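J.: Chains as they are written, first to last, in UniProt numbering: chain A, 1 to 178; chain B, 1 to 102.
No lab work stands behind these hints: they were computed from the structure.
Among the clues, some could well be false.
Okay, derived cross-link-like pairs now, EDC-like style, lysine to aspartate or glutamate, Cα gap no bigger than 16 angstroms in a straight line [claimed, not checked]:
(1) A:K85 x A:E48
(2) A:K85 x B:D44
(3) A:K119 x A:E77
(4) A:K174 x A:E48
(5) A:K121 x A:E140
(6) A:K115 x B:D13
Listed next, the stretches of chain B that the computed footprint assigns to chain A, with coverage defined by at least 3 CB atoms under 8 angstroms from CB atoms of chain A [to be verified]:
(7) 1–12
(8) 18–31
(9) 48–58
(10) 63–77
What follows is a set of in silico ranges between Cβ atoms, one per label pair, in the way DEER data are often shown [what the hints assert, rightly or not]:
(11) B:Y50 x A:L122: 35 to 43 angstroms
(12) B:E21 x A:K115: 37 to 45 angstroms
(13) A:K41 x B:L30: 47 to 55 angstroms
(14) A:A28 x B:P74: 44 to 52 angstroms
(15) A:S3 x B:D44: 49 to 57 angstroms
(16) B:G81 x A:F20: 49 to 57 angstroms
(17) A:D104 x B:P65: 35 to 43 angstroms
(18) B:I7 x A:L33: 46 to 54 angstroms
(19) B:L53 x A:S3: 24 to 32 angstroms
(20) A:R125 x B:T25: 51 to 59 angstroms
(21) B:L75 x A:A28: 41 to 49 angstroms
Just so you know, these numbers come straight off a predicted model, no measurement behind them.
Glycine included, C-beta positions come from ideal geometry on N, C-alpha and C.
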Amino acid sequence: MHSTLVRIQNLFGFFTSVTFAVGLLVAASSMFLQKEMGDVKVNVRNVEVVKGYQNQYYTSRSTEQAFIRFDLEADLEPLFHWNTKQIFAYLTASYPGRKYEFNDAIIWDIIIPSKEKSKLKLRNRRAKYIINDVTNRFREQNATLTFGWNIQPHVGALTWNEKGAGSFSFPPLKTKNN
Amino acid sequence: MDSIQKIIDGFIDFEGQRITEMLTTNILILTGAISWIVGFILQDVTYTLYIGLAGSLLAVLAVIPPWPVYNRHPLRWLPAGAGTATDDSVEGDGGVKVKKEE
């Protein structure tokens with residue numbers, strides 16, 4: 001510590017150690033502050049499967065596409081504490097297929113930035129994203145709609161979880177005739 | 001030119017080095033502890049961030065400039081001798097000469 005340069009080096013070195021330790025404590029505290037998530041209600045109102053051209057550059061085929069309307073009721077307030085920066089929540093439609101056993105497609109998502117906006121109450125909401133499939137066939141399959149979320153903390157690891165599933169089945173193809 | 005060099009070097013004495021070492025450790029640990037506790041109680045991580053930064057800035061101001069308090073115990077050197085040192089004037093092993101074995 002005899003000269004300015006040595007003092008700067010020592011101080012900064014110890015500063016990084018202390019910062020790391022405080023960060024570790026903050027990350028550790030969120031394990032104890034995490035509360036149990038309340039009830040989640042997912043309900044599918046209306047599903048339509050149609051065949052048509054999609055506005056995507058990589059295919060010119062006519063593909064099966066699903067349009068979904070749903071209800072969602074979820075309270076994410078218990079997940080917010082001092083180390084929660086924001087929460088990414090999403091609805092996943094899962095269904096089996098003939099070629100691939102498990103298929104997941106996210107149909108709707110939202111970023112929840114604060115406790116004040118953590119109560120979700122949606123009625124007859126249209127899905128943000130339409131479903132399409134690599135095998136191009138998923139009509140008449142049984143499916144479930146699951147509410148999942150990803151907690152993004154200020155310091156620490158990202159965590160994923162899910163709860164509340166509503167089951168439905170994809171209807172037969174809707175044509176212009178019926 | 002000499003005075004600029006002196007400010008840049010910022011040399012301090014041994015007692016000053018002991019104090020700055022102690023200040024660095026204590027201020028930073030205390031800052032870290034307080035910032036975590038305040039943030040936890042008020043449930044807002046931004047308090048942790050700003051208290052942590054403020055405390056660290058305080059440590060920088062307290063320790064890095066060569067404040068006069070860190071130079072209050074200058075080392076006293078022995079006065080320079082009048083001439084060249086001879087065998088007699090050097091205190092050491094008492095002047096015992098080891099005979100070479102033949």
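J.: Next, verify each hint and record whether it holds.
T.: Results of checking the hints against the structure:
1. A:K85 x A:E48: 37 angstroms, violated
2. A:K85 x B:D44: Holds - the C-alpha atoms of B:D44 and A:K85 are around 10 angstroms apart, at most 16 angstroms.
3. A:K119 x A:E77: With a Cα-Cα distance of about 7 angstroms, the restraint between A:K119 and A:E77 holds, given a limit of 16 angstroms.
4. A:K174 x A:E48: 7 angstroms, holds
5. A:K121 x A:E140: Given that 16 angstroms is the threshold and the Cα spacing comes to 29 angstroms, the pair is violated.
6. A:K115 x B:D13: 54 angstroms, violated
7. 1–12: holds (count 5)
8. 18–31: holds (count 7)
9. 48–58: holds (count 3)
10. 63–77: holds (count 4)
11. B:Y50 x A:L122: 35 to 43 angstroms: 37 angstroms, holds
12. B:E21 x A:K115: 37 to 45 angstroms: Holds: the Cβ-Cβ distance is about 44 angstroms, inside 37 to 45 angstroms.
13. A:K41 x B:L30: 47 to 55 angstroms: 49 angstroms, holds
14. A:A28 x B:P74: 44 to 52 angstroms: For B:P74 against A:A28, whose Cβ atoms are near 47 angstroms apart, the range 44 to 52 angstroms holds.
15. A:S3 x B:D44: 49 to 57 angstroms: Given a distance of about 40 angstroms, which is not inside 49 to 57 angstroms, the answer is violated.
16. B:G81 x A:F20: 49 to 57 angstroms: 53 angstroms, holds
17. A:D104 x B:P65: 35 to 43 angstroms: Violated - the Cβ-Cβ distance for A:D104 and B:P65, about 60 angstroms, lies outside 35 to 43 angstroms.
18. B:I7 x A:L33: 46 to 54 angstroms: 48 angstroms, holds
19. B:L53 x A:S3: 24 to 32 angstroms: Given a distance of about 25 angstroms, which is inside 24 to 32 angstroms, the answer is holds.
20. A:R125 x B:T25: 51 to 59 angstroms: At roughly 57 angstroms between Cβ atoms, B:T25 and A:R125 fall inside 51 to 59 angstroms, so the hint holds.
21. B:L75 x A:A28: 41 to 49 angstroms: 47 angstroms, holds
When the structure is compared with the earlier hints, violations turn up for hints 1, 5, 6, 15 and 17 and for no others.
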